Amino acid sequence: MYTRIYVLKFPKQITDQPIICNLVKKYDLEFNILKAAILLQQEGLLVLQLKGYKTNVDQGLAYLRQQGVQVESLASTIRRDDEKCYQCGACTGICPTGALSIHRPDMAVIFDPDRCTGCGLCVTVCPVRAMEVSLNQTVLNSQAGTAIAG
Amino acid sequence: MPPFEVNKTFDEINAKIKAGEAVVVTAEEMVGIVRENGPVAAARKIDVVTTGTFSPMCSSGAFINFGHTNPTLRASKAWLNNVPAYAGLAAVDIYIGATEPAEDDPLNKVFPGGFRYGGGHVIEDLVAGRPVRLKAWGYGTDCYPRRDLEKEITLQDLPYALLCNPRNCYQNYNCAINLSDRTIYTYMGTLRPHGKNATYCSAGELSPLMNDPLYKTIGLGTRIFLGGGIGYITWHGTQHKPGALRADNGTPRRAAGTLMVQGDLKQMSPRWLKGVSMQGYGNTMAVGVGIPIPILNEEMAAYTGVADDEIFTQVVDYAHDYPNGIAHNYGEVSYAQLKSGQIEVNGKMVPTAPLSSVVRAREIAETLKKWITAGDFLIEKPIRTLPSE
Ligand code: SF4
Ligand code: SF4
Numbered sequence: 001m002y003t004r005i006y007v008l009k010f011p012k013q014i015t016d017q018p019i020i021c022n023l024v025k026k027y028d029l030e031f032n033i034l035k036a037a038i039l040l041q042q043e044g045l046l047v048l049q050l051k052g053y054k055t056n057v058d059q060g061l062a063y064l065r066q067q068g069v070q071v072e073s074l075a076s077t078i079r080r081d082d083e084k085c086y087q088c089g090a091c092t093g094i095c096p097t098g099a100l101s102i103h104r105p106d107m108a109v110i111f112d113p114d115r116c117t118g119c120g121l122c123v124t125v126c127p128v129r130a131m132e133v134s135l136n137q138t139v140l141n142s143q144a145g146t147a148i149a150g
Numbered sequence: 001m002p003p004f005e006v007n008k009t010f011d012e013i014n015a016k017i018k019a020g021e022a023v024v025v026t027a028e029e030m031v032g033i034v035r036e037n038g039p040v041a042a043a044r045k046i047d048v049v050t051t052g053t054f055s056p057m058c059s060s061g062a063f064i065n066f067g068h069t070n071p072t073l074r075a076s077k078a079w080l081n082n083v084p085a086y087a088g089l090a091a092v093d094i095y096i097g098a099t100e101p102a103e104d105d106p107l108n109k110v111f112p113g114g115f116r117y118g119g120g121h122v123i124e125d126l127v128a129g130r131p132v133r134l135k136a137w138g139y140g141t142d143c144y145p146r147r148d149l150e151k152e153i154t155l156q157d158l159p160y161a162l163l164c165n166p167r168n169c170y171q172n173y174n175c176a177i178n179l180s181d182r183t184i185y186t187y188m189g190t191l192r193p194h195g196k197n198a199t200y201c202s203a204g205e206l207s208p209l210m211n212d213p214l215y216k217t218i219g220l221g222t223r224i225f226l227g228g229g230i231g232y233i234t235w236h237g238t239q240h241k242p243g244a245l246r247a248d249n250g251t252p253r254r255a256a257g258t259l260m261v262q263g264d265l266k267q268m269s270p271r272w273l274k275g276v277s278m279q280g281y282g283n284t285m286a287v288g289v290g291i292p293i294p295i296l297n298e299e300m301a302a303y304t305g306v307a308d309d310e311i312f313t314q315v316v317d318y319a320h321d322y323p324n325g326i327a328h329n330y331g332e333v334s335y336a337q338l339k340s341g342q343i344e345v346n347g348k349m350v351p352t353a354p355l356s357s358v359v360r361a362r363e364i365a366e367t368l369k370k371w372i373t374a375g376d377f378l379i380e381k382p383i384r385t386l387p388s389e
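Protein chains in written order, with our numbering: chain A, 1 to 150; chain B, 1 to 389.
Everything labelled a hint here was simulated from the structure, so no lab data went into it.
Covered stretches of chain B (chain A as the covering partner; in silico rule of three or more C-beta atoms under 8 Å from a C-beta of chain A):
no., region
1, 46–60
2, 187–197
3, 269–281
4, 336–344
5, 347–356
Please read these numbers as outputs of a predicted model, since none were measured by experiment. Note that the Cβ used here is the ideal one computed from N, Cα and C, for glycine as well.
Taking the hints into account, I'd like the entire structure generated from these sequences.
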C-alpha cells in the first residue's frame with residue numbers, strides 16, 4: 001500500500017466538478033482531506049492524502065492533471081505541535097518509517113523529522129491532531145485570500 | 001482482619017502530611033522499594049503511594065448551569081459550539097457529554113470520519129478560558145416566556161460547572177488486534193488487517209486501580225487529582241465489574257472496576273482535559289486522574305509494589321469477536337511485554353502501540369506527590385469502599 005500527500009490546485013472553471021469523487025471510484029483509492037482552502041477568485045486548494053496501489057495512485061494523478069488540476073507532491077512537511085501532543089504513542093503504531101517512535105523505558109514519544117516521508121498517516125490517527133501538515137510558502141505564495149482549515 | 005505487623009491509620013498518615021513528614025513516592029518508585037525491602041519494611045518507610053493515568057475516557061461530561069436570563073427561558077434544547085447538550089434537567093441546567101459530536105458533523109458518511117469537534121472539545125475550550133457559543137431553545141411557558149437564546153459564555157462567567165464522569169479510570173482493558181483483511185477504525189485506534197498491529201490502553205503499574213486492586217482504601221469520598229484540579233470519587237462507575245478474573249496478586253486480568261468521579265470544572269486545566277477525535281469512531285475526552293494510596297499496612301505496600309510484568313490483560317480481535325459479543329481471546333500478555341513494543345499473538349510477533357500516555361501518567365503521580373509533600377492535600381478516608389464482589 002502506497003500513501004502520499006499531494007497539494008491540488010483547482011482552477012475556478014472546474015471547482016464545481018466531481019473530480020475527487022471520480023478519482024476515488026475509477027482508481028480504487030482511499031483519501032483523506034488534510035486541508036482545504038478557497039483562494040482568491042474562487043480557485044480551490046486541497047491537501048489530499050491518497051492511499052492505494054502505486055500504479056493506481058499514478059494513474060489517478062494523471063487523470064487529475066488531464067482535468068486541469070495542478071498537482072504537487074508534498075513531502076516532509078509534517079510537524080508536531082508539542083503543545084497539543086500528549087505523548088500517548090498511538091501514532092507510533094501506524095508510522096511506516098519509524099519517524100515516530102517510543103523511547104524506552106520512559107515511554108516518551110519521539111518525532112524525528114529526518115525519517116518522515118510525509119505520508120500523512122499520523123495526521124488523522126492522532127487523537128488530538130498534533131501532527132500537522134504545514135503548507136510551505138511556495139504552496140501558499142499564490143494565496144492572499146482566506147484559508148479555511150480542513 | 002489479619003494481624004498486620006505494620007498498622008497505620010488515615011489520621012496518623014494525615015498528621016504526618018500536615019507536619020511535612022510524610023514519605024510519598026510514585027507507584028513506579030514503589031516497585032523497586034518493595035522489591036528491595038519487602039512489603040513490611042516498605043510499609044514502615046512509605047506513607048503514601050501516588051498513581052496516575054491519562055487517556056481517552058468515555059462516559060465523561062459536565063453539568064452546567066448557565067444562569068437565568070431576562071426574560072426567563074426554560075431550555076428544552078441546548079447547544080454549545082453547535083454540540084448538542086442534554087437539556088431535560090431544569091430551566092438552565094444542561095449536561096454536555098464528551099462523546100457528543102457537533103450537530104453538523106458528517107459522522108461516518110465519508111468513511112472513516114474525522115470527528116474533529118465534539119463535547120470533549122467543548123469542555124477543553126471552556127477550561128482553556130475560550131468563549132463558547134451557547135444556543136438554547138424553549139417552547140415558552142407563562143413563567144418562562146422566552147423562546148430563544150444565543151450568547152457567548154466563558155467558564156469564569158458560569159454560575160456553576162461540574163465535571164461529572166460516570167465511568168472513568170477503567171481497571172485494566174483489552175489489548176486490541178484486527179484479524180480481518182481490512183483496516184478497521186475503533187475506539188482502540190486504527191487497527192491494520194491480519195493482526196499487523198496491537199493497541200492497549202492502561203498505564204499498567206502506574207494505573208490507580210492496579211495499585212489498590214481490591215479497593216481497600218478507595219471509595220466514596222476519596223480525594224483525587226482530576227483534570228488538573230482536585231476531585232472526588234463519588235460512586236463506583238457504570239460497568240464496574242469487581243468479579244472479573246484476577247491474578248494471585250489481586251490485579252484483574254480483564255476489564256474490571258471503574259470509578260464515577262466529579263470535581264469543580266473551574267479549577268481544572270486544558271492540559272488534563274483534552275477533546276479527542278478517534279478516526280472512524282467518534283469523539284471523546286482524555287482525562288487525567290490520579291489517586292493517592294495510603295500505605296496502612298504491608299498488604300497495601302505489596303499491592304502498590306506491583307510491576308508491569310505482574311499485570312496481565314487479554315488480546316481480543318476487534319474485527320469479528322468484539323462486535324459480535326464473542327468472549328474469546330488470543331492469549332494473555334503482560335504490561336511489560338506490551339510496553340516493550342511487541343507481543344506474540346498466534347506465534348507471530350506483533351508491534352504494539354499505547355493509547356494511554358505513560359509520560360503524562362507519571363507527571364500526574366509526581367504532581368500528586370508534590371501536593372501531598374507540601375502538606376496541601378490530605379488523604380480522605382472513604383465513607384464507603386467500592387463494591388469488591
Ligand atoms: S498520537 Fe498524537 S498525541 Fe499521541 S504521541 Fe502521537 S502525536 Fe502525540
Ligand atoms: S511521521 Fe510517520 S506517519 Fe507521520 S507523515 Fe511522517 S512518515 Fe508518515
